[in-house]
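Participant: Sequence:
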Amino acid sequence: MLDFPVEFTLPNKASWRLTEGPSWLVAEHRSSSSQLALRTWRADRVLRRADCEAQARLGRSSIPIVHDEAVVERYALLAPADFDSELVVGVEPSALGLEGYALVIGASVGRCYAAVFTTRVSGQGAEREVAARLGLVVDRVLSHVRVLRVEERAPRRHLVVSPKAAKE
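Numbering (our numbering), first residue to last: 957 to 1124.
Just so you know, not all the hints are guaranteed correct.
[Stated by the list, open to error] Between beta-carbon pairs, the in silico distance windows are:
no.: 1; residue 1: 1088; residue 2: 1007; range: 30 to 38 Å
no.: 2; residue 1: 1006; residue 2: 1081; range: 35 to 43 Å
no.: 3; residue 1: 1013; residue 2: 973; range: 18 to 26 Å
no.: 4; residue 1: 1050; residue 2: 1091; range: 16 to 24 Å
no.: 5; residue 1: 1042; residue 2: 1017; range: 31 to 39 Å
no.: 6; residue 1: 1028; residue 2: 1078; range: 13 to 21 Å
no.: 7; residue 1: 1032; residue 2: 962; range: 16 to 24 Å
no.: 8; residue 1: 1032; residue 2: 970; range: 26 to 34 Å
no.: 9; residue 1: 1031; residue 2: 970; range: 12 to 20 Å
no.: 10; residue 1: 1087; residue 2: 1013; range: 24 to 32 Å
If you are wondering where the hints come from, they were derived from the structure by calculation, not from laboratory data.
Keep in mind that this is a model prediction, so the values were computed, not measured.
Where is the CB? At the ideal position from N, CA and C, for every residue including glycine.
Start from the sequences and build out the full structure, keeping to the hints where you can.
Facilitator: Here it is, written out as structure tokens:
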């Protein structure tokens, strides 16, 4: 099992199924046709978000292609800290209903971060439901993701310091 150095909160956590793949941590919410995939990885010391996005897409072909006409929101995201991250939220019609996504790509010195949330709704009220799901994930999950620092991931060793013996 891989150790993913990412901390986040899922609303109604018990209804999500978490799996750790070879490089992505994936949370699936089957009853809502929703999925959240996250990943951090080492990269060249100097890189841009576009480089991180290209690397993420190589390893995960299911990342939605961003079409300008589908973009609802696009802005810099402050989470995770120390990453230059951008959030792109989009909604597109598909053969199975309405599909929404929230994509975060971040670059830091020697590190990349990617988070991909996708959801699908069909039937009456699909627009409202997709908007509600995207809003919830952006506001309560993606805006609060934390990448653990190296010292937080390292196993803690307890050091016992004995007082020096008194000189006689």
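Participant: The structure should be examined with respect to each hint, and the outcome stated for every one.
Facilitator: Against the structure, the hints:
1. Distance hint for residue 1088 and residue 1007: a CB-CB separation of about 33 Å, consistent with the stated range 30 to 38 Å.
2. Between residue 1006 and residue 1081 the CB atoms are about 36 Å apart, so this pair conforms to the stated range of 35 to 43 Å.
3. Separation of residue 1013 from residue 973 is about 24 Å and conforms to the stated range, judged on CB atoms against 18 to 26 Å.
4. Residue 1050 and residue 1091 have their C-beta atoms about 20 Å apart, which keeps the hinted 16 to 24 Å range intact.
5. Hint check: residue 1042 to residue 1017, Cβ distance near 21 Å, so the stated range 31 to 39 Å is violated.
6. Against the hinted window of 13 to 21 Å, the Cβ-Cβ separation of residue 1028 and residue 1078 comes to about 19 Å, which satisfies the hint.
7. Taking 16 to 24 Å as the suggested C-beta distance range, the pair residue 1032 and residue 962 conforms, at roughly 19 Å.
8. About 33 Å separates the C-beta atoms of residue 1032 and residue 970, a value consistent with the hinted range of 26 to 34 Å.
9. Between residue 1031 and residue 970 the C-beta distance comes to about 31 Å, which lies outside the given range of 12 to 20 Å.
10. With their beta carbons about 26 Å apart, residue 1087 and residue 1013 fall inside the hinted range of 24 to 32 Å.
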